[in-house]
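Participant: Sequence:
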Amino acid sequence: MQCTLCPVECGADREKRAGRCGVKGLSVAKYYLHPYEEPPISYLRGSGTVFFGGCSLKCAFCQNYEVSRARRGKELTPKELAEIFIQLENLGAENVNLVTPDHVSDLIAEALAYRKPNIPVVYNSGGYAKVGALERIAPYVDVWLPDVKFFSPALSARYTGREDYFRYASEAVAFMAQKKPAWAGGKMLSGILVRHLVMPACSSDSLRILDFLKKTLPDGAPVSLMRQYTPMGEIANFPELNRKITAREYGRVVDYAQSLGFTNLYTQDKSSAETAFIPQWDF
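Following this note's numbering, the numbering of the sequence shown begins with 8 at its first residue and continues without gaps.
Don't take each hint at face value.
[Stated by the list, open to error] Below, simulated DSS-like cross-link-like pairs (lysine-lysine); rule was C-alpha separation at most 25 angstroms, straight line: (1) Lys221 to Lys137; (2) Lys221 to Lys186; (3) Lys137 to Lys65; (4) Lys65 to Lys81; (5) Lys137 to Lys123; (6) Lys277 to Lys251; (7) Lys123 to Lys81; (8) Lys187 to Lys123; (9) Lys123 to Lys194.
Derived from the structure by calculation, the hints contain no laboratory data.
Could you build the full structure based on these sequences and the hints that come with them?
Facilitator: Written as structure tokens, this is what we have:
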């Protein structure tokens, strides 16, 4: 069967060979209680993150490079994945957090159909997804946690390998934004939280993304402006990425978000841009 699950539509028979995402089936590189997500996601005891191997995007700067290129990970069945969900719930996880799930969303849906946790399910994606695929897993998802990486086709082509990134990401976020929000104190139970990583020399592109989010998200929807960019991955051919962002670049984006009236804004300080916050891949 030819795979058309993600926007790449590579056509691979993933029962026989890996797709452009780098994997055939479910590959998990790590699962644990992660304390460093946004406060309403990690909350008190940590988010039960499950890092899936492979990715349809080829971001040159990926901080989870070993995993996104499928160099790390253990192959699992959907039933075995469901057992991981149970383990995380038993450990006291605030939620089950599915990291980079788009290229295996059909198999994750199968695992969730087998056993959906009694805690929120968080769909933590790069934003590059087809609405049709999101519709199929939506009955199992409580919190959408997408990235919006780039507005400019030129920038997304240069850094992710996909010129059509924003076209798909904007449609995906518009679909996710329909989810009704729900909170329990400071913990997010349902809704959408959008992330944007501010990149070196890309702050003007960030402002265009904020314009889009202001028009698309419901009032009060949280937005996370991340300052954690650290030079990693395959950036030898991108000298402009071989530095952290400046205070001026980040401040420009935060100030613009505030001027647009975002009322639920998560920001990061300079210390977030350290490799110490990147997981060790030990599964």
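Participant: Can you confirm whether the C-alpha distance between Lys123 and Lys81 stays at or below 25 angstroms?
Facilitator: Holds - the C-alpha atoms of Lys81 and Lys123 are around 21 angstroms apart, at most 25 angstroms.
Participant: Given the hint that Lys221 pairs with Lys137, test it: the Cα-Cα distance must not exceed 25 angstroms.
Facilitator: Status holds; Cα separation ~22 angstroms.
Participant: Check the hint pairing Lys221 with Lys186 against an upper bound of 25 angstroms on the C-alpha distance.
Facilitator: Status holds; Cα separation ~16 angstroms.
Participant: Are the Cα atoms of Lys187 and Lys123 separated by 25 angstroms or less?
Facilitator: The hint holds at about 19 angstroms.
Participant: Can the restraint linking Lys65 and Lys81 be considered satisfied, given a maximum Cα separation of 25 angstroms?
Facilitator: Measuring from Cα to Cα gives roughly 21 angstroms; hence the hint holds.
Participant: Do the alpha carbons of Lys137 and Lys123 lie within 25 angstroms of each other, as the hint requires?
Facilitator: Measuring from Cα to Cα gives roughly 23 angstroms; hence the hint holds.
Participant: Tell me if the straight-line CA distance from Lys137 to Lys65 falls inside 25 angstroms.
Facilitator: 17 angstroms, holds
Participant: For the pair supplied as a hint, Lys277 and Lys251, is the alpha-carbon distance within the 25 angstroms limit?
Facilitator: 9 angstroms, holds
Participant: Holds or violated: Lys123 and Lys194, Cα atoms, limit 25 angstroms.
Facilitator: 19 angstroms, holds
The structure shown violates none of the earlier numbered hints.
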